[in-house]
Each structure stands twice: as C-alpha cells, then as structure tokens.
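Chemist: Positions 216 to 474 (my numbering) are the ones given, in order, by the sequence shown.
There's no promise every hint is true.
As the list claims (entries may be wrong) - The list that follows gives simulated cross-link-like pairs (lysine-lysine, DSS-like), each with its CA atoms no further than 30 Å apart:
#	residue 1	residue 2
1	220	267
2	420	393
3	266	220
4	266	344
5	272	255
Hints listed in this document are in silico derivations from the structure and should not be mistaken for laboratory results.
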Amino acid sequence: MLADKAAIVTGGSAGIGASITEALLRAGASVAVLARSRSKFDGLLPVLEEKKLPVDKTHFIPIDLSSTDDIRRAAVEANDWAGGCADILVNNAGVATIAPILEATIEDWDWTMNVNVRAPFIMAQECAKRMIARGKGGKIVNTSSTASRFALHDHAAYCTSKAAINGLTKVMSAEWSKHDINCNTIGPTIVLTDMCTKAWGKPEKGDPMVDRTPLGRFAEPWEMAHGVVYLVSPSSIQMCGQMLLLDGGITTTGTPCGV
Numbered sequence: 216m217l218a219d220k221a222a223i224v225t226g227g228s229a230g231i232g233a234s235i236t237e238a239l240l241r242a243g244a245s246v247a248v249l250a251r252s253r254s255k256f257d258g259l260l261p262v263l264e265e266k267k268l269p270v271d272k273t274h275f276i277p278i279d280l281s282s283t284d285d286i287r288r289a290a291v292e293a294n295d296w297a298g299g300c301a302d303i304l305v306n307n308a309g310v311a312t313i314a315p316i317l318e319a320t321i322e323d324w325d326w327t328m329n330v331n332v333r334a335p336f337i338m339a340q341e342c343a344k345r346m347i348a349r350g351k352g353g354k355i356v357n358t359s360s361t362a363s364r365f366a367l368h369d370h371a372a373y374c375t376s377k378a379a380i381n382g383l384t385k386v387m388s389a390e391w392s393k394h395d396i397n398c399n400t401i402g403p404t405i406v407l408t409d410m411c412t413k414a415w416g417k418p419e420k421g422d423p424m425v426d427r428t429p430l431g432r433f434a435e436p437w438e439m440a441h442g443v444v445y446l447v448s449p450s451s452i453q454m455c456g457q458m459l460l461l462d463g464g465i466t467t468t469g470t471p472c473g474v
C-alpha cells in the first residue's frame, strides 16, 4: 500500500507513535522517527524485529519540540533522509498538563501550546514547501482529540491546543489541497498509553468516561495507527481538512464535561 513512500513521525518511538511507526512499516513505508531521546527508539527496535518488520527502514532523529530552531533542523534532516522530500508527515507527538484553570501555570500553558500546536505548524511548513516544490503531493496527519470538542475539567491547555490543531488543519487543507496534499486529523478519545493512564487510570475518574463510551472500553494504540494508515493511503484522496473520529462512539453520547 505504501511501498516506496517515506514518512516522518514525531513522537514515533512510544505510545501511539510506536504503533504508527509499526503500522507504516507494515504497509511498506520507511519511517523517520523524531523523538526527544533515543532510549525509547532503541527499545522499540527489538519489538519491530520480533514482528519481522524492516528496522533498516527506520531512522532516528532527536528533536526538541519546544525549540523552533531544533524543529526546523530535525525537519530538514528527516526530509534529506527521505531523499529530499518525505511523502508523509504524521504530527503525533503531544503532551497534556492537568490542573484546574486557577492553578494552571503559564509555563505549562506555553509548553502545551508549543508541543501540540507550534511544533506541528513548523513541521507542516517545512514538509509542505518541499511537497509543493516536488509537485507530487503528499499526506499530512495531525493528532487532535475529542477534547477539541468537549470541556474536560483540569484540561484547559490540552483542550485549547486540540481545538487549535483542528483549525490549523482546516487552513492547511484549504491552502494545500490544490497541490494534492491531503491534510487531516485523527480524533481519539482515551487511548491506553502511559500519558493517558496517568490522567485517567484511577477508576473514580476513568470509569465514568468508559460508561459514556458506547464501545465500553478505552482505545488501544494500534487502533489509532490503523486510522493513520488509512489517512496516508491512496484510499483517503477525498479526505481534506477532516477529523477522523476514533473515539468508540463517545461523541454520539454528549459531552463528558465534569469527568
């Protein structure tokens, strides 16, 4: 499906990102994994090898997603590794800070916005200008959340950042679709990663969210990866500026505000 395609995945060595890296390799792509430190990438390689996936088609690039200069450096390095222009960009990396609004710090607010909004903006800029110059189109997937639609207590910065990424993706699509660059987001709810377990692992907090989810459980990282593979495949050609909800049906039941 993705043979001869080169992908860039931010945060591609752990959590949802590791599953995305695995799924892209399985679909035939080569993958530049951009992450803060190499240790988790080194831990991922044996897992990929055990699944008989081609680890020689992966490449690690360190990145500090809070630094504009470092994001641009990593984007250039990743595109160079991909032969000058990646075919696929997956802005997967994200953070969540948890605090009531009156206790939230400006430092946490800025960190969340930098990683969740500014970094995808810069990565998309760097990749899209190469895609446009090459003239063969491309695929960009940003990671949003059902939190972009709901009010979640203690998640002001996170909810705001995900609403912002939706708006950014729509403008990217409006400007770049004419260049055959499909820009979309995935919209997970709670996915069983370390970050989400920290936020939702206590039964008194997590159980009410599960009760509101028609599927009756939280999502697994690989389920998000399958959605990404669809969005970067030829099958998604008519998807432009959309959020692919992968939420177990929670958006059909109303807001989880207060959980």
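Chemist: It remains to establish, for every hint, whether it holds in the given structure.
Modeler: Do the hints match the structure? See the list:
no. : hint      : in the structure
1   : 220 - 267 : holds (19 Å)
2   : 420 - 393 : violated (44 Å)
3   : 266 - 220 : holds (20 Å)
4   : 266 - 344 : violated (35 Å)
5   : 272 - 255 : holds (17 Å)
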